[in-house]
Structure formats: C-alpha cells, structure tokens
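Chemist: Line order of the protein sequences matches chains A and B.
First residue of the first sequence: 36, per this note's numbering; consecutive thereafter.
First residue of the second sequence: 251, per this note's numbering; consecutive thereafter.
Bear in mind the hints are in silico, worked out from the structure with no lab data behind them.
Among these hints, one or two may not hold up.
Unchecked claim - Subject to a maximum C-alpha distance of 25 angstroms in a straight line, what follows is the list of computed DMTMM-like cross-link-like pairs (lysine to aspartate or glutamate): (1) K57(A) <-> E344(B); (2) K412(B) <-> E376(B); (3) K445(B) <-> D99(A).
To be verified - Computed spacing ranges between beta-carbons, pair by pair: (4) Q39(A) <-> D527(B): 49 to 55 angstroms; (5) A600(B) <-> G66(A): 54 to 60 angstroms; (6) A592(B) <-> T76(A): 57 to 63 angstroms.
Note that this is a predicted model, so its numbers are computed, not measured.
Beta carbons: idealized from backbone N, C-alpha and C, even for Gly.
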Amino acid sequence: MALQIIESCVNCYACEPLCPSKAIFMSSKAGHFRINPNKCTECEGDYQDTQCASICPIEGAILDANGIAVNPPGSLTGIPPERMAEVMAELQAH
Amino acid sequence: MELPVLNETPAASAGGCSSHSCGSSDDQLGHLSDEIRAKVENHPCYSEDAHHYFARMHVAVAPACNIQCHYCNRKYDCSNESRPGVVSELLTPEQAVKKTMAVAANIPQMTVLGIAGPGDPLANPERTFETFRRLSQDAPDIKLCVSTNGLALPESVEELSKHNIDHVTITINCVDPEIGAQIYPWIFWENKRIKGVKGAKILIEQQQKGLEMLTARGILVKVNSVMIPGVNDKHLAEVSKIVKAKGAFLHNVMPLIAEAEHGTFYGVMGQRGPTQDELMDLQDACSGDMNMMRHCRQCRADAVGLLGEDRGDEFTMDKIEAMEIDYQSAMEKRKVIHEAIAEEMHSKRAAKVEKAASHADEPKLNTRPVLMAIATSGQGVINQHFGHAKEFLIYEASPDGVRFMSHRKTDLYCSGDDTCGDGESVLQRTIRALEGCEVVLCSKIGYEPWDMLEQAGIQPNGEHAMEPIEDAVMAVYKEMAAAGKLDEVSADKRATA
Chain A
36 MALQIIESCV NCYACEPLCP SKAIFMSSKA GHFRINPNKC TECEGDYQDT
86 QCASICPIEG AILDANGIAV NPPGSLTGIP PERMAEVMAE LQAH
Chain B
251 MELPVLNETP AASAGGCSSH SCGSSDDQLG HLSDEIRAKV ENHPCYSEDA
301 HHYFARMHVA VAPACNIQCH YCNRKYDCSN ESRPGVVSEL LTPEQAVKKT
351 MAVAANIPQM TVLGIAGPGD PLANPERTFE TFRRLSQDAP DIKLCVSTNG
401 LALPESVEEL SKHNIDHVTI TINCVDPEIG AQIYPWIFWE NKRIKGVKGA
451 KILIEQQQKG LEMLTARGIL VKVNSVMIPG VNDKHLAEVS KIVKAKGAFL
501 HNVMPLIAEA EHGTFYGVMG QRGPTQDELM DLQDACSGDM NMMRHCRQCR
551 ADAVGLLGED RGDEFTMDKI EAMEIDYQSA MEKRKVIHEA IAEEMHSKRA
601 AKVEKAASHA DEPKLNTRPV LMAIATSGQG VINQHFGHAK EFLIYEASPD
651 GVRFMSHRKT DLYCSGDDTC GDGESVLQRT IRALEGCEVV LCSKIGYEPW
701 DMLEQAGIQP NGEHAMEPIE DAVMAVYKEM AAAGKLDEVS ADKRATA
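So that you can see chain A by itself, here it is in the shape it has in the complex:
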C-alpha cells in the first residue's frame, strides 16, 4: 500500500511538508520528488485524504497502489481531456 510520484512531477514542493510519514523525498537521481514505498501509509490513521494527492497541482503525477492516477486528466484543471487534445493538436499543426 503506497502511492507513487512519477516523472511529470514539477517539483513544486507542496506535498513534501504535508506527508505525515515523511515518505516524500527529492530524488536527485530521478530529478523530481518521489515516495519511499516502505514509509508511505497512504495517510491511513492520520488523515482521511491522502495529503500529497490532495495538494498536487499536476494531473496524473501521483499514482495509487494499482498504478492508477489519483488525479486523472481534467480533475484538477477542469479542462476536459478531449478539449486539451484538440488544442494541443491545433498548436502542433502550426
């Protein structure tokens, strides 16, 4: 039972001080914050919501134990994923 931060992390530091298990660390090897799976408790016993995933501004950067994004595309920004895809395609066409 552990969450995971992946490479789309933008190193905003918001999650690190919130972690009740001190499981979050800056990985110089990866170049972004990571979660020590041996320490992560998914905040159980401390908070109702997982703290890192509740402040993270980047959709898809935090995965649950099953590898599924806790904040899927569109959930934080409110931008519908299909609209984002459309706009990105348009920008790349220029």
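Chain B: place on chain A using the hints.
Modeler: Here is chain B on its own, set in the frame of chain A:
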C-alpha cells in the same frame, strides 16, 4: 505633506478630473500616516513616479501553492515570457539572500525585494520567512514585500509584522463565492482539497480577514485583481469599493493573460482577455473610490531591475557565485544614490506643479481627449527610437491636463514569435498594440514604420526627443487643437465620457 504617488496630475487640473479621480487627492490619502507615506516614496510598484527611477527584484523561493487559479499553469517555464508565475531558476533561501545582495550592490537603484511565487509565498512559510529573516539582518536598507493569494494570510500576519515588511499584495479577484468558483477550481484547506463554491468561499473569507488584520497593524496593502471578461469584470468595481473600505491603499486591476499555449484553463478553453479599452474603462470605474495602479508590468516571479525591463540574465546563480560582494560599502553607495534620486524626483515634481500653475491662467480648451503613445526607456523623457521600444507608455491629453493611463507591451507577452506567433510582423503587432492612440512620440522613427503608422491613423512624431513626456504631450495636444484636428465637445459631455 503632498504624497508623490500614483499618476499625480498637475495642480491645474485639480477639480477638473474628478470624474477620473486621476491622482492621489488629500482625501483619498487622508487615512495614511506620514510613516506610511514615507514607505511609498521609493517603491516602484506603489508609486507611478518612483518606478521610473527605482528598481525591484523578486526571488523565486516559493514554489508550492495551496490553491489553483484558472489563469495559472504550474508546469510553465518558458524563458521568453514575462508574466506572473514564470521562473527560470528556483532558489533556496540562502541563494536568494546572496542574489538579493548581489543585485543590490550592482543595481544600486534597487530598493525593494519581493517574494511573489512562483507559487504562494505564504504556502511556503519556512522558505519565505527564512529569506526575510536573513535579509532584514544582512541587508537592512532593502524594503521587503510579499504577494499572496491570501488563503494562509491570517495565520501569517503575526510573523509578517515581525520582519519589518512594509507592503503586502493580496490578489483578490472577487468577493462573491459563485464568481470565485469560476476562477478557482479548488483550494487546499485543513488537509483537504475543497472544490467549487465551498472552496472559493473559504478563500474569500481568509483574504478579507487577512486584509483587515494587516491594515489594522498599519501594514500597507495593495490589492491585485485579474480582469476576466464575462467572469468578474462587472464585479470588480464592487471589489474595489470593499477593499478600500477595509483600508487597502491601492488597487491594481490587471488584464487576464490567456493563450492556448500557456496550457491554462482560460487559455485552453478560449477565454479572452480584456481589450485595452475595457481595461481602461474598468480602471476608471474603480478609481472613483480607489487609488488605481496603472503602471504594473505583470512581471515574472524572478524579475530583476526597473519595471518593464528584466535584467535577470545578469544574475543567474552561477554568475552570482562568482561575484565578490562587499555589502557594507555597497550600502553606503546605495544611500548616496537613493538620496540623489529622491532629490531629483522632488525637484521635478515641484517644477511640474509650478508649470501647471502657470498654465492655469491660459484660456481653457474645449476639446475631446486624445490618447498618445510614448517610446521611453525611463526618466520621464521621450528618449527611445520607435523600433527599439518593447513597450509604450500611454498618456491621455485633455483640456484638464495630461494623465498616465497605462503601458502596452509590443511583444504581447511573448518574444518567441517563430515558434508560437501567428505570423504577424513585429511592426504589425506593435501597431495593433497602439490601437486607440492617435499619436506616437519617440526620439526617432524610420520611413517604413512611419508610413504604416500613418496608414493605421496614428501620427508619428519625433520632434520632441529628450523632452519631458507631459510637456511634449500637452504641446502636441495644443498643436492638434490649433490645427482644428480635435472636435469641440461640451464640458458636460466630457465629464461623462
């Protein structure tokens, strides 16, 4: 004591500009103590006058944020752009102190150090306050500022007041949670992500409480608002009224910046920013109750130098590491330079008042107002080649006098036009940015832009090079009136215009 701030107008127009509230009348500033007035005088962001002479810098020590705004994208790091939230290099508090002292020694006009993100400074209290603690000890001649979304403000006021922080900017875009929900998709509050109206309501409550706590302690508060057409544009005059009643000293209504390539909600969803006219109208609508800031450049969270210029490239961490700084001697040098600048500002101001008094005897014109664009690199004079201007200052001339209205960037926030432009030439973009202006005053101008400006209905003028801006604008206005280029309007109509 006369307060030298904010779009000060000559005495001759006193009473004539009540519909615009274009200056800092004694009444508007009556609630400020002499101590607070003194805090404003050399602050480039608080004083329109000072920003031509004094510089500021931001240190990017605060990457975390506790809310999401629809005009912000936390992934953003384009080096071509100058707008809030964009940074090239994140600093530790120790690096930030070193950088501040290096900049202060090399740019002695630098008076103010601000922390403005890229996230929210008060969502990074350890990093922010560590920086302030060290600086107030090691560089006591630098004013400290902080800019916040306000969510964590009430709990930070006590600590802020300990560090001799003269100024706080709160971004307040609304006082209505329903409108707030259209701007802030979520906040992080008491260990939960709270979405929608509920989150916006908490944010608004904390902002208002923080504002009241700060003004109660005599800390100067500026309120920033982002004008979002169709969302809060009709609402901001109300915001202005409320924050003024609570003691905010200055209101800065800024245009929304939203382009698809920024990847923000507003950019991707096609929300437009306000036109220059809409922005100016709203600033005028707010100014009946409030001192308005019109010279904001919406700078980066790591900006360095005078407003409108960025010298950040000279002070990257690797360059700073190589610098030897003797701050004690730098501080002595800074003191001498600051005093000389203050003296120059005071004498220019006195000359302006005197000149205005002599104009008061002249017969008053009865003509419509005209917008003019000025190419200047500072010091209040027309001293820039048209083609070199990256921004223009916009002034309005009318029978009541000359007033500063705004600045307009020619590169529209992005200089990387090969990759993200829309194929318009720089000149075409510049002309578009000058829409609504009838005259451009510059030190020199080439034939090609001259022709294109004339075709666009804007008269170029290089005859007033090196002259003080206000004098030149009034001189050109009078020439236009004498040449019959300005329709006469009745005084009633002008008052309601």
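Chemist: Now, for every hint given, state plainly whether the structure supports it.
Modeler: So, going through the hints one by one against the coordinates:
1. K57(A) <-> E344(B): Given pair K57(A), E344(B) holds - Cα atoms ~24 angstroms apart, limit 25 angstroms.
2. K412(B) <-> E376(B): With Cα atoms ~14 angstroms apart, K412(B) and E376(B) stay inside 25 angstroms; holds.
3. K445(B) <-> D99(A): holds (21 angstroms)
4. Q39(A) <-> D527(B): 49 to 55 angstroms: holds (50 angstroms)
5. A600(B) <-> G66(A): 54 to 60 angstroms: With a Cβ separation near 57 angstroms, A600(B) and G66(A) satisfy 54 to 60 angstroms, so the hint holds.
6. A592(B) <-> T76(A): 57 to 63 angstroms: 59 angstroms Cβ-Cβ, so the 57 to 63 angstroms window holds.
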